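Trainee: Work the whole structure out from these sequences, hints included.
The end of the sequence shown is residue 101 by this note's numbering, with every number in the run present.
Honestly, the hints are just simulated from the structure, not real lab data. All values reported here derive from a predicted model rather than from experimental measurement. Accuracy of the hints is not assured; some may be wrong.
[Claimed, not checked] Simulated pairs of lysine-lysine, DSSO-like, Cα-Cα distance not exceeding 30 Å:
id : residue 1 : residue 2
1  : Lys21     : Lys71
2  : Lys73     : Lys22
3  : Lys33     : Lys68
4  : Lys21     : Lys59
5  : Lys71     : Lys22
6  : Lys71     : Lys85
7  : Lys85     : Lys46
8  : Lys71     : Lys59
9  : Lys73     : Lys59
10 : Lys45     : Lys22
11 : Lys73     : Lys85
12 : Lys85     : Lys22
13 : Lys85     : Lys33
14 : Lys68     : Lys46
15 : Lys21     : Lys45
16 : Lys85     : Lys59
17 : Lys46     : Lys59
18 : Lys59     : Lys22
19 : Lys59     : Lys33
20 : Lys85     : Lys68
21 : Lys22     : Lys33
22 : Lys73     : Lys46
23 : Lys46     : Lys71
[Said to hold, decoys possible] Here are the simulated distance ranges between beta carbons:
id : residue 1 : residue 2 : range
24 : Phe53     : Gly30     : 17 to 27 Å
25 : Lys71     : Val36     : 11 to 21 Å
26 : Leu44     : Ser64     : 26 to 36 Å
27 : Glu79     : Val25     : 17 to 27 Å
28 : Gly27     : Phe53     : 19 to 29 Å
29 : Lys21     : Glu63     : 18 to 28 Å
30 : Glu78     : Asn52     : 16 to 26 Å
31 : Leu48     : Arg86     : 12 to 22 Å
32 : Ser64     : Phe23     : 13 to 23 Å
33 : Arg62     : Val25     : 33 to 43 Å
34 : Ser49     : Phe23     : 33 to 43 Å
35 : Tyr47     : Arg67     : 15 to 25 Å
36 : Arg62     : Lys21     : 26 to 36 Å
We treat Cβ as the ideally placed atom computed from N, Cα and C, and that holds for glycine.
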Amino acid sequence: MFLYSPRKKFFVLGSPGVGKTTVIEYLFEFLKKYLSDFNFLGFITKEIRESGERKGFKIKILDSEEEYILAKRKNFITSKEFKNKPSI
Numbered sequence: 014m015f016l017y018s019p020r021k022k023f024f025v026l027g028s029p030g031v032g033k034t035t036v037i038e039y040l041f042e043f044l045k046k047y048l049s050d051f052n053f054l055g056f057i058t059k060e061i062r063e064s065g066e067r068k069g070f071k072i073k074i075l076d077s078e079e080e081y082i083l084a085k086r087k088n089f090i091t092s093k094e095f096k097n098k099p100s101i
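Mentor: If you want it as structure tokens, here you go:
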């Protein structure tokens, strides 16, 4: 199986909304469950949506439950959140 040989990079390409992030999340959970010696590090970028509209982005660390705001529209961010943070 191709997963048993070393890989340095893995790219998933596609249009917005086709499920690239979902595929990576499922793949990560599968590999973590069935290949305990598999080393898979990284993060995914997820949208922050409110009422169906994109308001910003957050980063989710794959091997933990940690999430961080990457960017958020200025008119949808509090002054406390906005201090020293990128915005879109």
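Trainee: Run every hint past the structure and note whether it holds.
Mentor: How the hints compare with the structure:
no., hint, verdict
1, Lys21 x Lys71, "holds, 25 Å"
2, Lys73 x Lys22, "holds, 19 Å"
3, Lys33 x Lys68, "holds, 19 Å"
4, Lys21 x Lys59, "holds, 23 Å"
5, Lys71 x Lys22, "holds, 22 Å"
6, Lys71 x Lys85, "holds, 8 Å"
7, Lys85 x Lys46, "violated, 33 Å"
8, Lys71 x Lys59, "holds, 5 Å"
9, Lys73 x Lys59, "holds, 7 Å"
10, Lys45 x Lys22, "holds, 18 Å"
11, Lys73 x Lys85, "holds, 15 Å"
12, Lys85 x Lys22, "holds, 29 Å"
13, Lys85 x Lys33, "holds, 21 Å"
14, Lys68 x Lys46, "violated, 33 Å"
15, Lys21 x Lys45, "holds, 17 Å"
16, Lys85 x Lys59, "holds, 12 Å"
17, Lys46 x Lys59, "holds, 23 Å"
18, Lys59 x Lys22, "holds, 20 Å"
19, Lys59 x Lys33, "holds, 11 Å"
20, Lys85 x Lys68, "holds, 6 Å"
21, Lys22 x Lys33, "holds, 15 Å"
22, Lys73 x Lys46, "holds, 19 Å"
23, Lys46 x Lys71, "holds, 25 Å"
24, Phe53 x Gly30: 17 to 27 Å, "holds, 24 Å"
25, Lys71 x Val36: 11 to 21 Å, "holds, 19 Å"
26, Leu44 x Ser64: 26 to 36 Å, "holds, 35 Å"
27, Glu79 x Val25: 17 to 27 Å, "holds, 21 Å"
28, Gly27 x Phe53: 19 to 29 Å, "holds, 20 Å"
29, Lys21 x Glu63: 18 to 28 Å, "violated, 37 Å"
30, Glu78 x Asn52: 16 to 26 Å, "holds, 19 Å"
31, Leu48 x Arg86: 12 to 22 Å, "violated, 39 Å"
32, Ser64 x Phe23: 13 to 23 Å, "violated, 34 Å"
33, Arg62 x Val25: 33 to 43 Å, "violated, 20 Å"
34, Ser49 x Phe23: 33 to 43 Å, "violated, 19 Å"
35, Tyr47 x Arg67: 15 to 25 Å, "violated, 34 Å"
36, Arg62 x Lys21: 26 to 36 Å, "holds, 33 Å"
Consistency with the previously given hints fails for numbers 7, 14, 29, 31, 32, 33, 34 and 35, ordered from lowest to highest.
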